[in-house]
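If you want the building blocks of each chain, they are given just below.
Protein chains: 2
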Amino acid sequence: MSGMRGTLSRQGIVEAAMGLLDREGEAGFSMRKLARELGVDPMALYHRHASRRALMQEVMKALMLSCPLPDPSGDWRADVRGLCQGLRELAHRHPGSFRAYVVFEDWVPAEHLLHEELYATLLAAGFPARDAVRAVRLLLSYTESFAVDELTGWLEPLGPRELHALEASLAGGAFPAIAGLIETIASPDAEADFAFGLDVLLAGLGQVPRDAVPATGYQQPK
Amino acid sequence: MSGMRGTLSRQGIVEAAMGLLDREGEAGFSMRKLARELGVDPMALYHRHASRRALMQEVMKALMLSCPLPDPSGDWRADVRGLCQGLRELAHRHPGSFRAYVVFEDWVPAEHLLHEELYATLLAAGFPARDAVRAVRLLLSYTESFAVDELTGWLEPLGPRELHALEASLAGGAFPAIAGLIETIASPDAEADFAFGLDVLLAGLGQVPRDAVPATGYQQPK
DNA sequence: TACACTAACTCTACACTGTAGAGGAAACGC
DNA sequence: GCGTTTCCTCTACAGTGTAGAGTTAGTGTA
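Protein chains in written order, with our numbering: chain A, 19 to 240; chain B, 19 to 240.
Since the hints were derived computationally from the structure, they do not count as laboratory data.
Treat the hints loosely; a few may be bogus.
Covered stretches of chain B (chain A as the covering partner; in silico rule of three or more C-beta atoms under 8 Å from a C-beta of chain A) [unchecked claim]:
(1) 120-132
(2) 148-157
(3) 206-217
Beta carbons are placed, not taken as given, at the ideal position from N, Cα and C, and that holds for glycine.
Turn these sequences into a full structure, and let the hints steer you where they fit.
Below, the structure is given as structure tokens:
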């Protein structure tokens, strides 16, 4: 191979991996492709990172460290919105890595940065511990799911081919509700849809009881 | 191989694939392993299903067709809860397939069955078209995310090793909010947590404006 | 019964994957 | 100059999905 010594740093590999992941997606990523791009033998990568999985952990770490964290404004709703929006922007900036991150089964400690901001915001707003933890899970899983849906293309308006496929799948009249909603389904609006979901969550979180809940189980209201 | 003729049906392959997927997870699944289990040459599978991906589509279809759909009760909130709970039970029954389904990028028409019930419920409850579509996305992505988190083990109480790792990652005091929530984070309660999230969503959905929204964008309330 | 036909299945092979293990070459400390 | 360490390469193995050709078994017809 190139044989140039010292051109391969831990961080350099991580950045190249992130780039490859973003351009080709997780399915298109391989250690060998990455090595080819770096002009190096595949096994050279293993000198800096013990395995593909270990490298992925580093990529996820780098990803989460680059998540934008807007400054607190004092309005907890606005702050939550801003943090979720930041996470969504991260997904747009790093589509492949973000998708891999969401699917990744390992624990990624660098999430702490984002989590800390969310927890602090909710605690300051008066949420009891249990509710804050639950709320963060709710907000993050919403934002991540939405962002992945965006990356997969589910929030693009349906093209004529897709629309036709959808209509064909409804033939027979077994799904009247879906049939009546076709036009709405075919014309999503990522920005507005995302804002709607956040509003629902924030409205719901503002309404669900704020008092301490028994450790053994959550009492369903009403 | 065995050479027994006619032992291999389309549906039989799909069921065996689903079983293998559930037992070994997506990473542990391969066409060759599946063939071995069926006592057959790997290429025999390709006589019935064009590719691994096509087979996966069939597995996802079978999965969604077996999603429990409780009968409507008239109370839309209870019905939504029941449908989401049914989806969650499906995840418990078919952990590997469900995980693969959530990650799967292709469109799975068999989702229509569940979607139809949700749409019909919300429309009957008075939701305008746009809100119903958004609400269904919200409810499904919540339930799917939660179920996948359960399957991954994020909703099990933390063991001593994991707890220690978490504490170690907080050393330095950079994450006071997380540190203060450690006990709560370490002791999740899947049932109560799931119910909490659903309550938040239902409360929020009941509160967010029900009037038609302009096609170009969603007007943030207040 | 003989033969063609077709459906069901196997065999071989290719390009790809992650990575263990050994070996080589360059840089550094003395 | 010489050992030692660091960095990298080479080869190899067991695994993947699947194209393409070959084989066998069962059926329909004469």
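*Which numbered hints fail*: Per hint list: zero violations.
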